[in-house]
Amino acid sequence: MEAYLDNSATTRCETQVVALMTKLMLEDYGNPSSMHLKGVQAENHVKQATMKIAKTLKAKEKEIVYTSGGTESNNMALFGVAMAKKRAGKHIITTQVEHAAIHAPLSFLEERGFEITKLSVDENGIISLEELKQALREDTILVSIMHVNNEVGAVQPIEEAAKLIHELSKNAYFHVDAIQSYGKFKLQPKKMGIDLLSVSGHKIHGPKGIGFLYVDEHVKIKPVILGGGQQKGMRSGTENVPGIAGLGLACEMAYETFDEKICRMYDLKKRFCEELCQLENVKINGDFTKDTAPQVVSASFVGVRSEVLLHTLEDRGIFVSAGSACSSNKPAPSKTLLAMKVPMEELEATVRFSFSYHTKWEELAYTLQVLREVLPMLRRFTRH
Amino acid sequence: MYKAFLIKYAEIGVKGKNRFLFEDALVNQIRFVLREVEGEFTVRKEPGRIFVETETNFDYDETVDALQHVFGIVGICPVAKMEDNGFDDFAAQTVEFLKKEYKECNFSFKVKARRARKNYPLDSMEINKELGAKIVDAFPEVTVDVHHPEVTVYVEIREKIYVYSKTIKGAGGMPLGTNGKAMLLLSGGIDSPVAGYMMAKRGVKIDAVYFHAPPYTSERAKQKVVDLAKLVSKYSGSMRLFVVNFTDIQLAIYEKCPHDELTIIMRRYMMRIAEHLAKENNCLGLVTGESVGQVASQTLQSLAATNEVCTMPVYRPLISFDKQEIIDISEKINTYETSIQPFEDCCTIFVAKHPVTKPNINIIKRSETHLDDVMEELMQKTLDSVEMITIGE
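Protein sequences, first through last, are from chains A and B.
The numbering of the first sequence is the numbering used here, which starts it at 14 and goes up by one.
The numbering of the second sequence is the numbering used here, which starts it at 1039 and goes up by one.
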């Protein structure tokens, strides 16, 4: 049996998405900027995708800018705001538990004279609104907070944060990294007070190499990729038409029968966590009984190094990640778990299971059965 | 400008009646490395020299780089090939050639001509003199020095005329396969690929054995070793990599033997397995990357304890090298970047905090008796499951 439980790293592309993209690459392969028919066809595909996406966010079509994925969306938001607003102030607020695609661009800005405040989190990985309130200043130009944490599934109080930000810092834009939350939560940036929102295609059964940044129509940011002026100058470069069309379809599909899918995922998660807790010496990171994301379970198997458990599970056809997949090729303790003050022995033993709406209980039951079998064996050999 | 390379080799020249074996091995290896290079080449053996020639377009840098990976070559001379349209034309072409070859023509030089085609109107001495004069005319700042010239312009008169003056340094050593085959214990580290390279340099063909310990070591750690084997095989030619699943043996040792002796006992079993594979594959010795005192298992006492299980000679080409010297070579042969990727290998998974540094062979042997009842079966199982990967065919 195979159980792919690493859907927060990436997902399998939907068959319909692949079919649409294949058609676009073989038949409607025109450049949207071309004046002839092939160009018009390609442009129509982009328009349709944009319509679908805008609908999921109750946003306007002109508020969607396509990028090469989540990392570029985040970079575009941070650099774009910093460049546009540097005269109004140089203070940026974020959290300790962001993805590297937020932390690295912010370090770059810090080296160039911006001041970065990183909000701490509690043992469940949640920020304190009080701390945010204290941090907001007149010269704050940007607050960037991820909606769902990629490592533990913690959900930040986005709407409450948005209220505080707009109330206390008139100059500040609010950016939300929604890469792990889009498709799992209903997001309405306008209503929620979000100015910029990053989304990635391959986390929602779409293709890799495509994503978008929602930019509220009243928000002015400077483009960071310059050239032929495509996408109204916001992001130059010939549009990735097959990617955009695939993304549009994937977005639409993510929000089809949404409530039912999400309900089912929460049921799976609850049942899985309850059974995990019955195993000896297993600790679940973050609070899974309350309002966490439906797709992420982070568990520490004390006494077993996560990498060893990962390879053991892999042998049985179960694919998980140790810490955050994006950083597993350079072993370093997870920033999120450190910020949550998870003790080192649990941190080294942490594995992330992440689901998709395709995940079945049989896969989780199989995983539990394998865990029951291998954990005692692995605990016999612990490193000293 | 160049259409040929003259290959110079040194040690082979003194091999007496076996000389043709060495030359043939060298020709074969040159053909092998040139397969991957853009262009069509013919490799021709002549008394005392090898010519690589091409009539097609070819990539000069790639060709030189490939030839620099061939052991047994001490020098590579890029040769200009000229049509014989009379002496004046040939002299003019030679002057053009020197202009391109040297930015500033202000050296001392001599001409050294040979005639393979004896009916050429001038004899060798005359060519030296006449061509020398033409060169002096063309470059006012050059001087003739027949005893210690800075530049020697070599001329060979054949069907066509060959001219060369520069020598690019080759890898040295001996042609591959002229000195038998040995089994390299290849880990993912910095040292063992260098050890393999150094044995290959002396003409030893290499097969390699890697011990992995799933699930304690990852698929990526194994891939890293395959990558290293590929890099070494650029010098050592095609090789077979034997992948041994060492987990069960390692766990048995861990459960039954004192933990401070783990590494030594583990290494003894690695040597036993490596020797078994070496014998099965016609290898005449084992090769390791050990260097005295680098880690606990590489003290003289530890080396004696691991060596004791082998009947074959164990070659340790890095035995007196410092770490930095080894790193320097690994950078030169391009294995360093791969070696430092941070995947754990089986040696680092189970290590004692304080391993013995001066093991006593008798005590180690006594500890190993704890494994008597399981080891025969485990060894058999391990050897039966060896995976073989062919690299660089």
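I should point out that these hints are in silico values taken from the structure, not numbers from a laboratory.
Ideal placement from N, C-alpha and C gives every residue a C-beta, glycine not left out.
Hints may be right or wrong, so weigh each one.
Unchecked claim - Sample of chain B residues lacking proximity to chain A, with all beta carbon distances greater than 12 Å (derived):
1. Gly-1077
2. Lys-1119
3. Met-1163
4. Asn-1166
5. Val-1182
6. Pro-1187
7. Lys-1239
8. Pro-1253
9. Thr-1255
10. Glu-1257
11. Arg-1258
12. Ser-1276
13. Leu-1289
14. Glu-1293
15. Gln-1362
16. Met-1426
What the hints assert, rightly or not - What follows is a set of in silico ranges between Cβ atoms, one per label pair, in the way DEER data are often shown:
17. Gly-240/A - Val-1330/B: 29 to 39 Å
18. Asn-1372/B - Arg-392/A: 53 to 63 Å
19. Glu-1100/B - Leu-292/A: 33 to 43 Å
20. Leu-292/A - Tyr-1292/B: 38 to 48 Å
Said to hold, decoys possible - One side of the interface only, derived from the structure: several residues of chain B facing chain A at Cβ under 10 Å:
21. Pro-1252
22. Tyr-1254
23. Gln-1288
24. Tyr-1353
25. Thr-1420
Evaluation of the provided hints:
1. Consistency note on Gly-1077/B: stated as away from chain A, and its beta-carbon is indeed over 12 Å from all of that chain's, at 35 Å minimum.
2. A cut-off of 12 Å between C-beta atoms confirms that Lys-1119/B is not in contact with chain A; the least separation is 47 Å.
3. With a cut of 12 Å on Cβ distances, Met-1163/B stays outside the contact zone with chain A, its closest approach being about 67 Å.
4. Every beta carbon of chain A lies more than 12 Å from that of Asn-1166/B, the smallest distance being close to 62 Å; the non-interface claim holds.
5. Listed as a non-interface residue, Val-1182/B keeps its Cβ farther than 12 Å from every Cβ of chain A; the least gap is roughly 60 Å.
6. A cut-off of 12 Å between C-beta atoms confirms that Pro-1187/B is not in contact with chain A; the least separation is 55 Å.
7. No beta-carbon of chain A comes within 12 Å of the beta-carbon of Lys-1239/B; the shortest separation is about 33 Å.
8. Distance to chain A contradicts Pro-1253/B as a non-interface residue, since its nearest Cβ pair spans about 3 Å, not more than 12 Å.
9. Against the 12 Å criterion, Thr-1255/B falls within the reach of chain A, whose nearest CB is about 8 Å from its own CB.
10. Not every Cβ of chain A is farther than 12 Å from the Cβ of Glu-1257/B; the closest lies at roughly 8 Å, contradicting the non-interface assignment.
11. With a least beta-carbon separation of about 8 Å from chain A, Arg-1258/B fails to lie farther than 12 Å from that chain, contradicting its non-interface assignment.
12. With a cut of 12 Å on Cβ distances, Ser-1276/B stays outside the contact zone with chain A, its closest approach being about 29 Å.
13. The Cβ of Leu-1289/B does not lie farther than 12 Å from every Cβ of chain A; its closest approach is about 6 Å, which violates its non-interface assignment.
14. With a closest Cβ-Cβ approach of about 8 Å to chain A, Glu-1293/B is found to fall inside the 12 Å limit, against its non-interface label.
15. With a minimum CB-CB distance of about 24 Å to chain A, Gln-1362/B clears the 12 Å threshold, and the non-interface call stands.
16. Interface exclusion of Met-1426/B from chain A stands, the closest Cβ pair being 21 Å apart, more than 12 Å.
17. At about 59 Å, the beta-carbon gap between Gly-240/A and Val-1330/B misses the expected band of 29 to 39 Å.
18. Between Asn-1372/B and Arg-392/A, the C-beta spacing of about 41 Å breaks the proposed range 53 to 63 Å.
19. The beta-carbon spacing between Glu-1100/B and Leu-292/A, approximately 57 Å, falls outside the hinted interval of 33 to 43 Å.
20. Restraint check, Leu-292/A to Tyr-1292/B: a C-beta distance of roughly 24 Å breaks the suggested window 38 to 48 Å.
21. Evaluation of the Pro-1252/B hint against chain A yields a held restraint, the C-beta minimum of about 6 Å falling below 10 Å.
22. The beta carbon of Tyr-1254/B is positioned within 10 Å of a beta carbon in chain A (closest approach about 5 Å), and the interface hint is therefore held.
23. Residue-level restraint check for Gln-1288/B holds (minimum Cβ-Cβ distance to chain A is 9 Å; threshold 10 Å).
24. The interface hint given for Tyr-1353/B is violated, since its Cβ lies 33 Å from the closest Cβ of chain A, which is over the 10 Å cut-off.
25. Because the smallest distance between the Cβ of Thr-1420/B and any Cβ of chain A comes to about 17 Å, over 10 Å, the interface hint for this residue is violated.
The structure shown violates the earlier hints numbered 8, 9, 10, 11, 13, 14, 17, 18, 19, 20, 24, 25.
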